[in-house]
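Okay, so the sequence shown: first residue is 31 according to my numbering, each after it adds one.
A portion of the hints provided could be inaccurate.
Distance condition first, Cα-Cα at most 27 Å in a straight line; then the derived DSSO-like pairs of lysine-lysine [stated by the list, open to error]: (1) K162 with K257; (2) K212 with K197; (3) K129 with K257; (4) K226 with K162; (5) K212 with K226; (6) K162 with K129; (7) K129 with K152; (8) K212 with K152; (9) K73 with K162; (10) K162 with K152; (11) K257 with K73; (12) K152 with K226; (13) K73 with K129.
Here are the in silico distance ranges between beta carbons for each label pair [unchecked claim]: (14) L286 with K226: 29 to 39 Å; (15) T292 with L260: 45 to 55 Å; (16) L286 with N115: 41 to 51 Å; (17) A287 with P161: 42 to 52 Å.
Note that these hints are calculated values from the structure, not bench results.
A virtual CB, placed ideally from N, CA and C, is assigned to each residue, including glycine.
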Amino acid sequence: MVLELLRPAGSVLAETVVLIAMYLFRRRPLSVEIPPDMLAGLKAGILICTSPRSGSNHLAGLMAATGLGNPLEWFGGRRVLEMPNYPRDPRAQVLRALKDGRSPSGIYAVKLFASQFSQVAKTVDLPASLPKLRYIRLTRGDLVGQAVSWTRARQSGRFRSTEADQKRPCYDGKAIADSLEKIVLENLAWDVWLAKNGLSFLSLTYEELLEHPRTCLERAASLVDAKLVLKPGSDLGSGLDIQRDTINEEWRERFLAEYSDTSNFHANNYRRGFLKKRSSRFSI
31 MVLELLRPAG
41 SVLAETVVLI
51 AMYLFRRRPL
61 SVEIPPDMLA
71 GLKAGILICT
81 SPRSGSNHLA
91 GLMAATGLGN
101 PLEWFGGRRV
111 LEMPNYPRDP
121 RAQVLRALKD
131 GRSPSGIYAV
141 KLFASQFSQV
151 AKTVDLPASL
161 PKLRYIRLTR
171 GDLVGQAVSW
181 TRARQSGRFR
191 STEADQKRPC
201 YDGKAIADSL
211 EKIVLENLAW
221 DVWLAKNGLS
231 FLSLTYEELL
241 EHPRTCLERA
251 ASLVDAKLVL
261 KPGSDLGSGL
271 DIQRDTINEE
281 WRERFLAEYS
291 DTSNFHANNY
301 RRGFLKKRSS
311 RFSI
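I would like the entire structure built from these sequences, with the hints used as guidance.
Pasting the structure below:
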(Lines of atoms letter the chains of each structure in order from A and count residues from 1; the text may use other names and numbers.)
(Lines give C-alpha, C1' and ligand atoms only; values in the text may rest on other atoms or scores of the structure.)
Protein backbone atom coordinates (compact mmCIF):
# COMPACT_ATOMS: atom_id res chain seq x y z
CA MET A 1 0.00 0.00 0.00
CA VAL A 2 2.81 2.44 0.90
CA LEU A 3 4.63 1.61 -2.32
CA GLU A 4 1.45 2.27 -4.27
CA LEU A 5 1.14 5.75 -2.71
CA LEU A 6 4.79 6.55 -3.47
CA ARG A 7 4.42 5.66 -7.15
CA PRO A 8 5.48 8.76 -9.18
CA ALA A 9 3.31 9.59 -12.15
CA GLY A 10 4.77 9.69 -15.65
CA SER A 11 8.11 8.02 -14.93
CA VAL A 12 8.69 4.68 -16.63
CA LEU A 13 11.87 3.99 -14.65
CA ALA A 14 10.17 4.85 -11.35
CA GLU A 15 7.20 2.65 -12.29
CA THR A 16 9.56 -0.25 -12.96
CA VAL A 17 11.45 0.25 -9.70
CA VAL A 18 8.22 0.33 -7.70
CA LEU A 19 6.88 -2.81 -9.41
CA ILE A 20 10.11 -4.68 -8.67
CA ALA A 21 10.01 -3.51 -5.05
CA MET A 22 6.40 -4.60 -4.70
CA TYR A 23 7.32 -8.03 -6.07
CA LEU A 24 10.29 -8.42 -3.72
CA PHE A 25 8.37 -7.31 -0.64
CA ARG A 26 5.37 -9.49 -1.41
CA ARG A 27 4.96 -12.12 1.25
CA ARG A 28 5.83 -15.54 -0.09
CA PRO A 29 4.60 -18.83 1.38
CA LEU A 30 7.17 -20.50 3.60
CA SER A 31 8.02 -24.15 4.07
CA VAL A 32 7.23 -25.84 7.37
CA GLU A 33 10.14 -27.11 9.44
CA ILE A 34 9.61 -30.80 10.19
CA PRO A 35 10.85 -32.15 13.56
CA PRO A 36 13.66 -34.72 13.16
CA ASP A 37 11.75 -37.39 15.08
CA MET A 38 8.89 -37.12 12.57
CA LEU A 39 11.31 -37.63 9.68
CA ALA A 40 12.75 -40.78 11.24
CA GLY A 41 11.71 -43.85 9.28
CA LEU A 42 9.88 -41.81 6.66
CA LYS A 43 10.37 -43.48 3.28
CA ALA A 44 8.36 -41.39 0.80
CA GLY A 45 5.24 -39.32 0.30
CA ILE A 46 2.46 -39.34 -2.29
CA LEU A 47 0.35 -36.32 -3.20
CA ILE A 48 -2.85 -37.19 -5.07
CA CYS A 49 -3.66 -34.21 -7.28
CA THR A 50 -7.34 -34.53 -8.09
CA SER A 51 -10.84 -33.02 -8.04
CA PRO A 52 -14.10 -33.86 -6.22
CA ARG A 53 -15.88 -37.12 -7.10
CA SER A 54 -12.96 -38.50 -9.10
CA GLY A 55 -12.86 -41.77 -7.16
CA SER A 56 -10.32 -40.34 -4.75
CA ASN A 57 -12.04 -41.83 -1.67
CA HIS A 58 -11.88 -45.25 -3.31
CA LEU A 59 -8.20 -44.81 -4.16
CA ALA A 60 -7.51 -43.56 -0.64
CA GLY A 61 -9.12 -46.65 0.87
CA LEU A 62 -7.17 -48.98 -1.40
CA MET A 63 -3.88 -47.24 -0.62
CA ALA A 64 -4.56 -47.34 3.12
CA ALA A 65 -5.32 -51.06 2.88
CA THR A 66 -2.03 -51.82 1.12
CA GLY A 67 0.48 -49.75 3.07
CA LEU A 68 0.64 -46.78 0.70
CA GLY A 69 -0.24 -44.12 3.24
CA ASN A 70 -3.55 -42.75 4.42
CA PRO A 71 -4.45 -40.10 1.83
CA LEU A 72 -7.27 -38.10 3.36
CA GLU A 73 -8.03 -34.42 2.76
CA TRP A 74 -5.58 -33.19 5.37
CA PHE A 75 -5.89 -29.65 4.02
CA GLY A 76 -9.64 -29.42 3.50
CA GLY A 77 -12.84 -28.84 5.38
CA ARG A 78 -13.62 -32.52 5.85
CA ARG A 79 -11.13 -32.95 8.68
CA VAL A 80 -12.35 -29.80 10.43
CA LEU A 81 -15.96 -30.99 10.17
CA GLU A 82 -15.26 -34.57 11.23
CA MET A 83 -12.65 -33.77 13.90
CA PRO A 84 -13.55 -30.73 16.06
CA ASN A 85 -10.02 -30.52 17.46
CA TYR A 86 -8.35 -30.65 14.04
CA PRO A 87 -6.03 -27.64 13.52
CA ARG A 88 -7.07 -24.90 11.13
CA ASP A 89 -3.53 -23.59 10.67
CA PRO A 90 -2.07 -25.11 7.45
CA ARG A 91 1.34 -25.36 9.14
CA ALA A 92 -0.10 -27.59 11.84
CA GLN A 93 -2.01 -29.52 9.18
CA VAL A 94 1.29 -30.36 7.47
CA LEU A 95 2.47 -32.07 10.66
CA ARG A 96 -0.82 -33.94 11.02
CA ALA A 97 -0.59 -35.13 7.42
CA LEU A 98 2.90 -36.51 8.03
CA LYS A 99 1.79 -38.19 11.25
CA ASP A 100 -1.75 -39.42 10.58
CA GLY A 101 -1.34 -39.82 6.83
CA ARG A 102 1.49 -42.30 7.32
CA SER A 103 1.41 -46.09 7.09
CA PRO A 104 3.65 -48.41 9.15
CA SER A 105 5.56 -48.86 5.87
CA GLY A 106 6.92 -45.31 6.26
CA ILE A 107 4.90 -43.98 3.33
CA TYR A 108 2.57 -41.03 3.89
CA ALA A 109 -0.06 -39.74 1.48
CA VAL A 110 -2.25 -36.69 0.97
CA LYS A 111 -5.34 -36.17 -1.16
CA LEU A 112 -5.68 -32.61 -2.43
CA PHE A 113 -8.06 -30.66 -4.64
CA ALA A 114 -6.76 -27.68 -6.61
CA SER A 115 -9.07 -25.32 -4.72
CA GLN A 116 -7.63 -26.60 -1.42
CA PHE A 117 -4.07 -26.20 -2.69
CA SER A 118 -4.85 -22.64 -3.75
CA GLN A 119 -5.88 -21.79 -0.18
CA VAL A 120 -2.93 -23.53 1.50
CA ALA A 121 -0.47 -21.90 -0.91
CA LYS A 122 -1.34 -18.48 0.52
CA THR A 123 0.65 -19.28 3.66
CA VAL A 124 2.56 -22.55 3.17
CA ASP A 125 4.89 -23.83 0.44
CA LEU A 126 3.37 -27.29 0.52
CA PRO A 127 5.67 -29.19 -1.88
CA ALA A 128 8.71 -27.79 -0.06
CA SER A 129 7.21 -28.84 3.28
CA LEU A 130 6.35 -32.43 2.35
CA PRO A 131 9.56 -34.52 2.15
CA LYS A 132 10.38 -37.08 -0.54
CA LEU A 133 7.20 -36.25 -2.42
CA ARG A 134 5.85 -38.05 -5.47
CA TYR A 135 2.72 -37.19 -7.44
CA ILE A 136 -0.36 -39.04 -8.65
CA ARG A 137 -2.73 -37.26 -11.05
CA LEU A 138 -6.18 -38.83 -10.63
CA THR A 139 -8.89 -37.88 -13.13
CA ARG A 140 -12.26 -39.15 -14.27
CA GLY A 141 -12.99 -39.55 -17.96
CA ASP A 142 -16.74 -39.09 -17.58
CA LEU A 143 -16.86 -35.40 -16.63
CA VAL A 144 -20.65 -35.11 -16.81
CA GLY A 145 -20.99 -38.16 -14.58
CA GLN A 146 -18.52 -36.57 -12.18
CA ALA A 147 -20.48 -33.29 -12.16
CA VAL A 148 -23.75 -35.12 -11.53
CA SER A 149 -22.15 -37.08 -8.70
CA TRP A 150 -20.70 -33.95 -7.07
CA THR A 151 -23.98 -32.05 -7.34
CA ARG A 152 -25.90 -34.92 -5.78
CA ALA A 153 -23.35 -35.38 -2.99
CA ARG A 154 -23.42 -31.70 -2.07
CA GLN A 155 -27.20 -31.69 -1.99
CA SER A 156 -27.57 -34.88 0.04
CA GLY A 157 -24.48 -34.43 2.23
CA ARG A 158 -23.53 -38.01 1.39
CA PHE A 159 -19.97 -38.16 0.05
CA ARG A 160 -19.29 -41.81 0.88
CA SER A 161 -21.39 -44.96 0.53
CA THR A 162 -20.97 -45.53 4.27
CA GLU A 163 -22.85 -42.28 5.01
CA ALA A 164 -26.59 -41.61 4.97
CA ASP A 165 -28.43 -38.90 3.07
CA GLN A 166 -28.93 -35.80 5.20
CA LYS A 167 -31.28 -34.28 2.67
CA ARG A 168 -33.20 -35.60 -0.30
CA PRO A 169 -31.45 -34.49 -3.52
CA CYS A 170 -33.37 -33.03 -6.44
CA TYR A 171 -32.37 -32.32 -10.04
CA ASP A 172 -30.77 -28.91 -10.65
CA GLY A 173 -29.37 -28.42 -14.13
CA LYS A 174 -27.59 -25.17 -13.34
CA ALA A 175 -25.91 -26.74 -10.31
CA ILE A 176 -24.64 -29.57 -12.53
CA ALA A 177 -23.36 -27.03 -15.08
CA ASP A 178 -21.59 -25.13 -12.29
CA SER A 179 -20.08 -28.38 -10.99
CA LEU A 180 -18.89 -29.30 -14.47
CA GLU A 181 -17.17 -25.95 -14.93
CA LYS A 182 -15.53 -26.12 -11.49
CA ILE A 183 -14.22 -29.63 -12.21
CA VAL A 184 -12.75 -28.48 -15.53
CA LEU A 185 -11.06 -25.56 -13.75
CA GLU A 186 -9.71 -27.91 -11.06
CA ASN A 187 -8.24 -30.15 -13.76
CA LEU A 188 -6.81 -27.20 -15.66
CA ALA A 189 -5.18 -25.80 -12.53
CA TRP A 190 -3.44 -29.09 -11.76
CA ASP A 191 -2.36 -29.74 -15.33
CA VAL A 192 -0.85 -26.28 -15.77
CA TRP A 193 0.86 -26.41 -12.36
CA LEU A 194 2.42 -29.81 -13.03
CA ALA A 195 3.52 -28.77 -16.52
CA LYS A 196 5.01 -25.39 -15.65
CA ASN A 197 7.00 -26.90 -12.77
CA GLY A 198 8.29 -29.82 -14.83
CA LEU A 199 6.95 -32.37 -12.34
CA SER A 200 6.69 -36.02 -13.29
CA PHE A 201 3.63 -37.89 -12.07
CA LEU A 202 1.70 -41.13 -12.29
CA SER A 203 -1.54 -40.71 -14.22
CA LEU A 204 -4.53 -42.77 -13.05
CA THR A 205 -8.20 -42.60 -13.96
CA TYR A 206 -11.33 -43.47 -12.04
CA GLU A 207 -12.28 -45.92 -14.76
CA GLU A 208 -8.90 -47.72 -14.60
CA LEU A 209 -9.17 -47.89 -10.83
CA LEU A 210 -12.51 -49.69 -11.04
CA GLU A 211 -11.40 -52.17 -13.71
CA HIS A 212 -7.83 -52.86 -12.60
CA PRO A 213 -7.36 -51.83 -8.96
CA ARG A 214 -4.35 -54.04 -8.28
CA THR A 215 -2.51 -52.85 -11.38
CA CYS A 216 -3.13 -49.22 -10.41
CA LEU A 217 -1.89 -49.85 -6.87
CA GLU A 218 1.21 -51.66 -8.11
CA ARG A 219 2.00 -48.64 -10.28
CA ALA A 220 1.51 -46.37 -7.26
CA ALA A 221 3.80 -48.59 -5.17
CA SER A 222 6.44 -48.50 -7.90
CA LEU A 223 6.31 -44.72 -7.76
CA VAL A 224 7.79 -44.83 -4.24
CA ASP A 225 9.89 -48.00 -4.70
CA ALA A 226 7.61 -50.04 -2.46
CA LYS A 227 5.59 -53.23 -2.57
CA LEU A 228 1.94 -53.65 -1.70
CA VAL A 229 1.33 -54.77 1.87
CA LEU A 230 -1.82 -56.88 2.02
CA LYS A 231 -2.83 -59.18 4.86
CA PRO A 232 -2.91 -62.86 3.79
CA GLY A 233 -6.40 -63.97 2.85
CA SER A 234 -7.83 -60.46 2.80
CA ASP A 235 -9.62 -59.10 -0.24
CA LEU A 236 -8.39 -55.99 -2.01
CA GLY A 237 -11.01 -53.34 -1.29
CA SER A 238 -11.56 -49.80 -0.08
CA GLY A 239 -14.58 -50.52 2.09
CA LEU A 240 -16.71 -48.34 -0.19
CA ASP A 241 -19.42 -49.18 -2.72
CA ILE A 242 -20.26 -47.39 -5.95
CA GLN A 243 -22.90 -44.75 -5.22
CA ARG A 244 -23.93 -44.21 -8.82
CA ASP A 245 -27.46 -45.48 -9.55
CA THR A 246 -30.46 -44.85 -11.80
CA ILE A 247 -30.95 -41.36 -10.35
CA ASN A 248 -27.51 -40.36 -11.65
CA GLU A 249 -28.41 -41.66 -15.11
CA GLU A 250 -31.74 -39.81 -15.07
CA TRP A 251 -30.01 -36.56 -14.10
CA ARG A 252 -27.41 -37.06 -16.84
CA GLU A 253 -30.03 -37.58 -19.55
CA ARG A 254 -32.04 -34.60 -18.38
CA PHE A 255 -28.96 -32.39 -18.18
CA LEU A 256 -27.80 -33.30 -21.69
CA ALA A 257 -31.31 -32.74 -23.05
CA GLU A 258 -31.37 -29.25 -21.51
CA TYR A 259 -27.78 -28.08 -22.02
CA SER A 260 -26.45 -29.89 -25.07
CA ASP A 261 -25.65 -27.43 -27.90
CA THR A 262 -22.90 -28.33 -30.37
CA SER A 263 -23.14 -25.02 -32.26
CA ASN A 264 -20.91 -23.11 -29.81
CA PHE A 265 -19.18 -23.18 -26.41
CA HIS A 266 -21.95 -21.35 -24.58
CA ALA A 267 -25.20 -22.83 -23.37
CA ASN A 268 -28.07 -20.42 -24.03
CA ASN A 269 -29.80 -21.29 -20.78
CA TYR A 270 -26.65 -21.14 -18.67
CA ARG A 271 -26.05 -17.59 -17.46
CA ARG A 272 -22.55 -18.22 -16.21
CA GLY A 273 -21.43 -19.72 -19.50
CA PHE A 274 -18.47 -22.02 -19.94
CA LEU A 275 -15.38 -20.18 -21.18
CA LYS A 276 -16.99 -16.85 -20.33
CA LYS A 277 -14.30 -14.25 -19.66
CA ARG A 278 -14.01 -13.84 -15.90
CA SER A 279 -11.39 -14.08 -13.19
CA SER A 280 -10.45 -17.60 -12.12
CA ARG A 281 -10.70 -18.66 -8.49
CA PHE A 282 -7.39 -20.48 -8.86
CA SER A 283 -3.90 -19.02 -8.83
CA ILE A 284 -2.29 -20.76 -11.80
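(message) Check the hint pairing K162 with K152 against an upper bound of 27 Å on the C-alpha distance.
(response) Measuring from Cα to Cα gives roughly 22 Å; hence the hint holds.
(message) Run the distance test for K162 versus K257: straight-line Cα separation, threshold 27 Å.
(response) holds (17 Å)
(message) For the hint 45 to 55 Å, verify it against the beta carbon of T292 and that of L260.
(response) holds (47 Å)
(message) Just to be careful, I want the Cα atoms of K73 and K162 compared with a cutoff of 27 Å; is the pair within it?
(response) holds (7 Å)
(request) Verify the proposed pairing of K162 with K129, using a straight-line Cα cut of 27 Å. (result) It holds: about 15 Å lies between the C-alpha atoms, which stays within 27 Å.
(request) Can you let me know if the beta-carbon spacing of L286 and N115 is within 41 to 51 Å? (result) holds (45 Å)
(request) Take a quick look at whether K129 and K152 sit within 27 Å of each other, Cα to Cα. (result) holds (23 Å)
(message) Just to be sure I understand the hint, the distance between the Cβ atoms of L286 and K226 should be within 29 to 39 Å; is that true here?
(response) holds (34 Å)
(request) Would you check the hint for K226 and K162, treating anything up to 27 Å between C-alpha atoms as holding? (result) holds (20 Å)
(message) Against the 27 Å threshold, does the CA-CA distance of K152 and K226 hold or violate the hint?
(response) holds (19 Å)
(request) Would you mind confirming whether the straight-line C-alpha gap from K212 to K152 stays at or under 27 Å? (result) With Cα atoms ~20 Å apart, K212 and K152 stay inside 27 Å; holds.
(request) Take the C-alpha atoms of K73 and K129, compute the straight-line distance between them, and say whether it is at most 27 Å. (result) Holds: K73 and K129 sit about 13 Å apart, inside 27 Å.
Hint compliance for this structure: every hint is met.
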